[in-house]
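For this one, chain A is given, so just place chain B on it according to the hints.
Going down the list, the sequences are from chains A and B.
Numbered according to the numbering used here, the first sequence spans residues 1 to 255.
Numbered according to the numbering used here, the second sequence spans residues 1 to 357.
Some hints could be false.
As the list claims (entries may be wrong) - With a Cα cut of at most 27 Å, we get these calculated DSSO-like pairs of lysine-lysine:
| id | chain 1 | residue 1 | chain 2 | residue 2 |
| --- | --- | --- | --- | --- |
| 1 | B | Lys165 | B | Lys63 |
| 2 | B | Lys113 | B | Lys150 |
| 3 | A | Lys81 | B | Lys336 |
| 4 | A | Lys81 | B | Lys63 |
Calculated directly from the structure, the hints in this document are not laboratory data.
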Amino acid sequence: MANDMSIESYLAQGGVLTSPGNVPPRYRAELMRLMATFVDSALAGAAGFADVINDGPGITERIAASRIVLEKLDHAERVLKIMGDFGADTDRYANHHPWTARLPRDADVGAIRSEHDMRLAVFNYPLEGWADAVVMNLLMGRAVCVQLAEVSRVSYQPLAEVFRAIAPVEIRHADLAEEGLEKLACDPANHEGLAASVAYWAPRVADSFGGDSSARAELLGSFGLRHNTNATLRDRWRDDVNATLARHLRFEMSG
Amino acid sequence: MARFHELTVTEVRKTIRDAVVVTLKPGNGAADAFDFTQGQYLTFRRDFDGEELRRSYSICAGKDDGQLQVGIKRVDGGAFSTWANEGLHPGDTIEAMPPMGGFFTPLDVAANKHYVGFAGGSGITPVLSILKTTLAREPGSSFTLVYANKAVSTIMFREELEDLKNTYMGRFNVLHILETDAQEIDLFTGLVTEEKCADLFKGWIDIAHVDTAFICGPEPMMLGIASALRAAGLDDGRIKFELFASGQPGRLARKTVSQGAATAANQTSAAITLDGATQTVTMGKDRTILDAALANAMDAPFACKAGVCSTCRCRVLEGEVDMIANHALEDYEVEKGYVLSCQSYPVTDRVVVDYDQ
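Only chain A is shown next, with the shape it has when bound in the complex (with noise of 0.2 Å):
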């Protein structure tokens, strides 16, 4: 069979690549960024909230903190796998940085990335209590349900699959977080603390999914590693999570 198509023009017409073997360099390199990124977060995420899982009211908030601890680990655990599969040593990776490390609650980092691991700069902060806890994993639960339907669309199959499969679960840990705010939206007396948090941690989600005029994009684009733009995304995100605020706390997030 004649084959005279480029592997970088494929990929530009949308097609898939399967195994290590396939990969140029360049696409290898923003393709282990992409998984460092997800592996970190979620690492650093389920560092953060398992300190938080005895600061729930009740058993049943305890069960959703304990789940949602556990299930990021194990997402972390999948996506790390397939970087194994490009030589990464992953019980290494592991342990090579302290993922309960915070930076002080008034830092402003923007969207600066640490310098020793790929966490998204929101991950840096510390989380205050339960209430804030909640507040930041719907905020944060529902940027990561948009950015998965996004990555599910990778043009590495064994990652698309991986996101494919773990999106649902993902899904339902932004959902306990709306049960939990709900909860607390019963009592009057935490409105204004919930409304600091949001004002909190709103800025910081939205940084989270970057700016807009990086050459990158184009460069992800071309690879089939992204599809839509980070303003995008974040659009929609907003809109997501300014629909459950009204439901339950009768406003919106500035901005």
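Below, chain B without anything else, positioned relative to chain A:
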């Protein structure tokens, strides 16, 4: 990390003029490691004139065949496939990693599914493994194979497929599409394109009742088939691709070690190529290649910065660097000049590195 095992070649059988089916027996104690899933592939390694080559070939045996077989078609200029076709004999040993790959779906003895497979040329090998295993282990399921070849004489496993049709009458169907040989039905001549698939879905394949499609073949063919399947309503989760592990016929050039080497000066001139553009920067020898690239506004890839993940891999084309930690690259990659740029400090006064290779 997966490691290589020795396998003994028990049979080398020609299927067509330029393709062989190689039967392999894992060495002592390695049988369990080679318990494959249908549709997976083996990665072999062999030394050619002092340079290690690695090539992946799909397993063509079914789970119930009781043996491990791969199909190897000779590629023009391909050192490994030519050797396998001409120089490999029963009794020889060959090194391979345990089976890898995710080109399969779980089987269920109670399932009542319809599968369709598209294979182009030697892309038949994993599809053959899948269809044999599926027909044997899912007695309620059926399989349609669309098999594209240049001509009758280049059809791998032609007789075996005919035998399977007889064994699984009513559950297995093959449509041969031939590029150059004329057939009774016009639709079966030519290339398997998006349009051709759309025509096949009109009368020959009941696409509305297909549960999963498997595609393995050249890139343009895979693109066309995937478009046609999506247009017919199959979502991505039900389309499984297997791209040939790249042809890679050419040899990698050896890195040239520059003359002059290191001096006492603590500065290096580093030419760094990324996305086709090269920047030459002056950097201290106490700085990593990655940090130098980042400090010069190059968007160099990295993630862990601990020598663990290999995101920052680049290739040293000239000069020498000292890689202080490496938990990700294998020896053969290092031999070819690949380094983890987050762990690599320049040694010579001039280095040339490339992230695009």
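Hints and how they fare:
no. : hint                : in the structure
1   : B:Lys165 x B:Lys63  : 18 Å, holds
2   : B:Lys113 x B:Lys150 : 30 Å, violated
3   : A:Lys81 x B:Lys336  : 25 Å, holds
4   : A:Lys81 x B:Lys63   : 25 Å, holds
Checked against the numbered hints listed earlier, the structure breaks hint 2 alone; every other hint is satisfied.
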